[in-house]
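Chain by chain, the residues:
There are 2 protein chains.
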Amino acid sequence: MSKFWSPAIRSLVPYTPGEQPKVLNLVKLNTNENPYPPAPGVTEALHAFPTERLRLYPDPDAGKLKNVLARHHNLNAEEVFLGNGSDEVLALAFMAFFRHDKPLLMPETTYSFYEVYCDLLNIDARRIPLDAEFRINLDDYQQDNGGIIFANPNAPTGIALPLARIEQLLQQNPETVVLVDEAYVDFGAESVIPLIKRYPNLLVTHTFSKARSLAGMRIGAAYGHPDLIDGLQRVKNSFNSYPLDMLAIEAATASMQDDAYFRETCKRIMDTREHTTAALTGKGFKVLPSAANFIFVTHPERDARELMQQLRNENILVRHFTRPGIDQFLRITIGTDAEMAQLIEKL
Amino acid sequence: MSKFWSPAIRSLVPYTPGEQPKVLNLVKLNTNENPYPPAPGVTEALHAFPTERLRLYPDPDAGKLKNVLARHHNLNAEEVFLGNGSDEVLALAFMAFFRHDKPLLMPETTYSFYEVYCDLLNIDARRIPLDAEFRINLDDYQQDNGGIIFANPNAPTGIALPLARIEQLLQQNPETVVLVDEAYVDFGAESVIPLIKRYPNLLVTHTFSKARSLAGMRIGAAYGHPDLIDGLQRVKNSFNSYPLDMLAIEAATASMQDDAYFRETCKRIMDTREHTTAALTGKGFKVLPSAANFIFVTHPERDARELMQQLRNENILVRHFTRPGIDQFLRITIGTDAEMAQLIEKL
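Residue numbers (our numbering), protein chains in the order written: chain A, 78 to 424; chain B, 78 to 424.
Worth double-checking, as some hints may not be accurate.
The list treats identical chains as interchangeable, and a pair is accepted whether it falls inside one copy or across any two copies.
Here are the simulated lysine-lysine pairs, DSSO-like style, with alpha carbons at most 27 Å apart [stated by the list, open to error]: (1) Lys80 <-> Lys179; (2) Lys274 <-> Lys80; (3) Lys99 <-> Lys141; (4) Lys179 <-> Lys141; (5) Lys360 <-> Lys344; (6) Lys423 <-> Lys141; (7) Lys363 <-> Lys80; (8) Lys363 <-> Lys99; (9) Lys360 <-> Lys274; (10) Lys360 <-> Lys423.
Calculated directly from the structure, the hints in this document are not laboratory data. As the structure is a prediction and not an experimental result, all values here were calculated from the model.
With the hints as extra help, turn the sequences into a complete structure.
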């Protein structure tokens, strides 16, 4: 605390990212990173890049990458927004669309950064409990609001909603922005991007940190009606004109150009997830049905926090959240088959 | 305009960066980029980086780079903050320190992003005119305030204040944060970083985009008392946990390790600036005394806007600002000797 701080920041409770240990040889299943490297074309693109060009500013709109993403998703470039990781894209979206008098609706259990943005931006949030099976029940979101946000699949549960149910919500809620955070969509859920042309209030965010194996490069995107993208651009250009560096643009573009590799690595992770789920279920764990690159597990007789500590002593990192209601669960990232075999053995 | 936008963003006037043309073979003297490539070690570091590591998140604190910068400036790592370009660092600093009831003091003519941040964050700014010679007069800043910001050297004038005069201001103004934006300090001005240990309200921002030739990589820093850095960290971690990607950290670290190259290229730019200033003065231009990598020039008989257009027709880009009081000036980035010879010939 310092007298120099703006009053608004004195009470902030910042987001706590999962630990990035400096120790090597850990089995790191705590931050939902991809166990496979980025597409081979990424290395080629980075090595081919003429370093002398770094003296120049990047294209503030990263037009090259926008065009590639627009083509991939059957959108126009005017329906694409880019930022320094999907966390930044989300922060800008909260600024652009959720600072209204009415409360923002979000699941009580979801990506914990959402409530941090609300705190930072003085947004009133109404946090809606999950149902008894830890699912988002969109019937509960039919109430007066200044916006709606949820992750699909949700985090840290991994459970996905069907596209048809989200479309129903969009029909019922045409007056405020519905933001669907699809950070984990590529591991088995349905993307709502095809609905963008029909619902001008739908904003969808993606990241290159999970299925694209580029967490180290910080690239996020949003897709929506040009008016929403324009709103995001206005906030971005009032905050930081050039969020994506030249190498991030190159890496992301190269990644998008190798769809076979992308599909293959996503499939491998989904296969590993199903084996792991079966093995842990066999050991008495309850595993929520995941459409993400992680599983959310609990055991009727073992304390989650202790389990996390014991795994840590065996050099295996998993994530434990202390929030009431989910404090007996562990979130375990899907690694390689070999890593998951180690985990299963230790458990 | 869209009904979905938060009311606060409807009236935003975003920052307009200098044009990044897609045409090649232009003499680009409009965005204060360095004409020389980054240090040779940057290329080596980028090529040596194992791309497979990009699947992991970067160190959220970029500790490796913080340590190198702390050592370079005789500070501790707790006195260093890093962000995605100094624009982001400035935006976070405005959030952290300038949202008070009293107005923020800034020069009327300075980096135009400052007033955009005020607009975005609803900060009341008092803009103080330069003197008749286009200099900042710090006597005018002795008034009740919620913070003070100026660039040293100032932009777009290029004129620097002496360290002793800034120290005097710090003595007179101990209760609010004084932010000195030193984006251009390496081209001949004195850095106030040595004052940090004595003035807990002094915050200094730097960029890797100018003297370090890394505009394409988006790296900025702030230096100050640990309480100020802690305030910045809190806001950063409530906005975007990982602003610097792995390759930006590598590139910046490698750049810091080649001080001889850095000094040599800065010196070349300063030499070119002095030749250019002499040549333009000889042609009847008035050139403000610059300690930056650009000059701010006016001609008693030629309209600045027309001149900018004529140069553009000759494939030479320079920057013209329409703000009253400086609308008869052009801001010209110092390029190579050959580029400046072309400019002088066309003028």
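Status of the hints after comparison with the structure:
In this assembly of identical chains, the alpha carbons of Lys80 and Lys179 lie at most 27 Å apart only when taken from different copies (14 Å versus 32 Å within one copy). Proximity of Lys274 to Lys80 under the C-alpha cut-off of 27 Å is restricted to the inter-copy arrangement: shortest distance 17 Å between copies versus 49 Å within a copy. Only between protomers do Lys99 and Lys141 lie at most 27 Å apart by alpha-carbon distance; the minimum there is 11 Å, versus 35 Å within a single protomer. When the C-alpha separation of Lys179 and Lys141 is checked against a cutoff of 27 Å, the pair qualifies neither within a copy, at 38 Å, nor between copies, at 44 Å.
With identical chains, the CA atoms of Lys360 and Lys344 are at most 27 Å apart within one copy only, with a shortest distance of 25 Å there and 68 Å across copies. Within a single copy, Lys423 and Lys141 get their C-alpha atoms no closer than 46 Å, and across copies no closer than 33 Å, so neither meets the 27 Å cut-off. Taking the shortest alpha-carbon separations for Lys363 and Lys80, neither the intra-copy value of 49 Å nor the inter-copy value of 45 Å comes in at or below 27 Å. In this assembly of identical chains, Lys363 and Lys99 lie within 27 Å of each other by CA distance neither inside one copy nor across copies; the values are 32 Å within and 56 Å between.
Neither within a single protomer nor between protomers do Lys360 and Lys274 lie at most 27 Å apart by alpha-carbon distance, with minima of 46 Å and 58 Å respectively. In this assembly of identical chains, the alpha carbons of Lys360 and Lys423 lie at most 27 Å apart only when taken from the same copy (11 Å versus 80 Å across copies).
Violated hints, listed in ascending order, are 4, 6, 7, 8 and 9; each of the other numbered hints is respected by the structure.
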